[in-house]
Amino acid sequence: MSDGRPSPTAGSGQIVVSGLTKVYGNVRAVDNLSFVVEPGRVTGFLGPNGAGKTTTLRMLLNLVTPTAGTATINGRRYADLTDPVRHVGAVLEASGAHKGRTGINHLRVICAAAGLPRQRADEVLELVGLTPAAKRRFKGYSLGMKQRLGIAVAMLGDPQVLILDEPANGLDPEGIRWMRGFLKGLAAQGRTVLVSSHLLSEMQLLADDVVIVAAGRLVRQGPVDQVIGSMTHGVRVRVRTPQPDELVAALAGHNARVHRAEDGALLVDGVEAPVVGRAALAAKIELHELVTERPDLEGVFLELTAGKAAIR
Amino acid sequence: MRLVRAELLKIRTTSTWWIFALITLPLWGVTLFFNYVSSQFLVDPVEVGTLDPQQEAQLQAAADPLNIASNLYTNGQFLGVMIVMLLGIIVVTSEFFHQTATTTFLATPHRTAVILSKLVAAAVLGLIFWLGTTVLNLIVTPPIMAGFDLGAQLDRGAVWQAIALNGLAYLLWAIFGVGFGVLIRSQIGATVTGILLYFAGYIGAGIFLTQLSLKFGDWINNLQLLVPSLASQLMTTGTDLPGNPPRWAGAVVMVGYAVVAGAIGTLITRRRDIT
Chain A
57 MSDGRPSPTA GSGQIVVSGL TKVYGNVRAV DNLSFVVEPG RVTGFLGPNG AGKTTTLRML
117 LNLVTPTAGT ATINGRRYAD LTDPVRHVGA VLEASGAHKG RTGINHLRVI CAAAGLPRQR
177 ADEVLELVGL TPAAKRRFKG YSLGMKQRLG IAVAMLGDPQ VLILDEPANG LDPEGIRWMR
237 GFLKGLAAQG RTVLVSSHLL SEMQLLADDV VIVAAGRLVR QGPVDQVIGS MTHGVRVRVR
297 TPQPDELVAA LAGHNARVHR AEDGALLVDG VEAPVVGRAA LAAKIELHEL VTERPDLEGV
357 FLELTAGKAA IR
Chain B
441 MRLVRAELLK IRTTSTWWIF ALITLPLWGV TLFFNYVSSQ FLVDPVEVGT LDPQQEAQLQ
501 AAADPLNIAS NLYTNGQFLG VMIVMLLGII VVTSEFFHQT ATTTFLATPH RTAVILSKLV
561 AAAVLGLIFW LGTTVLNLIV TPPIMAGFDL GAQLDRGAVW QAIALNGLAY LLWAIFGVGF
621 GVLIRSQIGA TVTGILLYFA GYIGAGIFLT QLSLKFGDWI NNLQLLVPSL ASQLMTTGTD
681 LPGNPPRWAG AVVMVGYAVV AGAIGTLITR RRDIT
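Order-wise, the sequence lines are chains A and B. Per our numbering, the first sequence starts with residue 57, numbered consecutively. Per our numbering, the second sequence starts with residue 441, numbered consecutively.
Among the clues, some could well be false.
[What the hints assert, rightly or not] Simulated restraints, written as ranges between beta carbons of each label pair:
| # | chain 1 | residue 1 | chain 2 | residue 2 | range |
| --- | --- | --- | --- | --- | --- |
| 1 | B | Gly644 | A | Thr121 | 33 to 41 Å |
| 2 | B | Arg710 | A | Val79 | 13 to 21 Å |
| 3 | A | Asp139 | B | Leu578 | 44 to 52 Å |
| 4 | B | Thr715 | A | Val331 | 15 to 23 Å |
| 5 | B | Arg710 | A | Tyr80 | 18 to 26 Å |
| 6 | A | Val79 | B | Leu636 | 32 to 40 Å |
| 7 | B | Gly644 | A | Gln70 | 36 to 44 Å |
| 8 | B | Gly644 | A | Ala190 | 47 to 55 Å |
| 9 | B | Arg710 | A | Ala190 | 29 to 37 Å |
[To be verified] Quick look at which bits of chain A chain B covers, simulated, 3 or more residues with Cβ under 8 Å:
| # | segment |
| --- | --- |
| 10 | 117 to 123 |
| 11 | 132 to 142 |
[What the hints assert, rightly or not] Among the chain B residues that face chain A by a calculated CB cut under 7 Å, a handful are:
| # | residue |
| --- | --- |
| 12 | Lys450 |
| 13 | Ala689 |
| 14 | Asp713 |
These are computed hints drawn from the structure, not numbers from a lab. Fair warning: this is a prediction, and the values are worked out from it, not measured in the lab. Every residue gets a Cβ at the ideal spot worked out from N, C-alpha and C, and that includes glycine.
Could you put together the complete structure from these sequences and hints?
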């Protein structure tokens, strides 16, 4: 069970969301959302607050009933999986433990309910590095320890599919690095890892694929590099010079679009850095800085979700 | 079955059950004191003025050693079943209070099975509380009866019937509590409402029905059967008291309430979004 490979009983490990919709009153929290999450990769599920990420994950896990559409794991609805804990491990934001119960007992209760052997509780505590706090009550746990206990719960059934809602919340830098290594390791074993987050710099380090939603709808899906590469302006060059007006004039013939940044630098779109350098040299313009800025996930995300009100 | 074990483990791994047991103990002592005083009065009635024939008959029936014994062997029920009801409420509401409902329903997406196992676990807990108070009653009652120059009455079937029906009352109140906890998910809201309804039902309905019966006739008094706290008390009298509904009717009413509370609770939980 703990050789690191998903159980042989596991299915494809694919998550398929199809036409998923949830309406609360007159708010369409999730609106005809469709995407596929593949095994063997970490998929980041991104969106501004209120985009419907948590509602989507809860519909996937049979906690919230969809208004329309389906969500399946291994081709079956969560409620139709036999022993779901052995197929899917989930860490949701509002999944706590009884404050007066010890960490180890919290895990043992779930073992009992899921029909798992009792010693799995000790094994997963070891796995997330919580063994020293096993007999401490939950109310004495730090936020980071609570997150680790949540991951321990998810790993109890050695599942093929992992679903995590904002797992990095409340973790210190060391904890975040641990989480990144842990989740990448699980994906490398061939498991499916779906992680929702709004920590975009972290997601760029962690995710292979991203699914971006805003206002309940799908905005973009694909491998991180492709999604970033798909953005319109592509490469941007940042230049600093004491003669900005002359440089603007020198670039006029090169099909470049130039903006002035607030700090006095020039931002040049449409041409590569060597073109800017050569134009400056030819016009004998002094340069203090010449940097190529590649768009990152954060920039792409903000551009894609701009104007889609988070609070509806 | 493994779900029931999980539910019992949940109860065992928190301090609620033994805190409630500690609360139950002094409450049991208080009711014992009152029952002792009223038993003394029944054994040796001082002159209470003129009674109408029916009250006279009721008093005589209540003074039957069998009924005095039944009352003492089931001592502690009045507040004991309330404690058990509160435990039933907490078995459900703590899942929402501590946000463990998500984890519970992830491990078992079949919500009916979860609620059924909670009903069973709460019933088991109710029976344990019944067992505890019954053991105490079996220890203290024979010397009290001897003090009245009466036998222990433990050779009478009716006494054991009352003890058994008392167990049923504990079990049903626990189930009732679970159903109530599902209806009102807020832990504080559910416990406070439960306590208020318990006492209001007991005192308020008693007064209300007595007034009505003065106006419309004695049959109204039989309606007290519909008040859960009165119905469960009726179950533990040793013999049928004149002018009161039969004991089995109290049991039927309580079973009815428990089934309705459990069924409504299960239906609601099946449909509700867990957020």
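Hint-by-hint comparison with the structure:
1. Gly644/B <-> Thr121/A: 33 to 41 Å: At 40 Å between Cβs, range holds.
2. Arg710/B <-> Val79/A: 13 to 21 Å: 20 Å, holds
3. Asp139/A <-> Leu578/B: 44 to 52 Å: 45 Å, holds
4. Thr715/B <-> Val331/A: 15 to 23 Å: 54 Å, violated
5. Arg710/B <-> Tyr80/A: 18 to 26 Å: 19 Å, holds
6. Val79/A <-> Leu636/B: 32 to 40 Å: 37 Å, holds
7. Gly644/B <-> Gln70/A: 36 to 44 Å: Given a distance of about 60 Å, which is not inside 36 to 44 Å, the answer is violated.
8. Gly644/B <-> Ala190/A: 47 to 55 Å: 50 Å, holds
9. Arg710/B <-> Ala190/A: 29 to 37 Å: 35 Å, holds
10. 117 to 123: holds (count 5)
11. 132 to 142: holds (count 5)
12. Lys450: 5 Å, holds
13. Ala689: Since chain A brings no Cβ nearer than about 39 Å to Ala689/B, farther than 7 Å, the hint is violated.
14. Asp713: Cβ of Asp713/B sits 4 Å from chain A, so the hint holds.
Consistency with the previously given hints fails for numbers 4, 7 and 13, ordered from lowest to highest.
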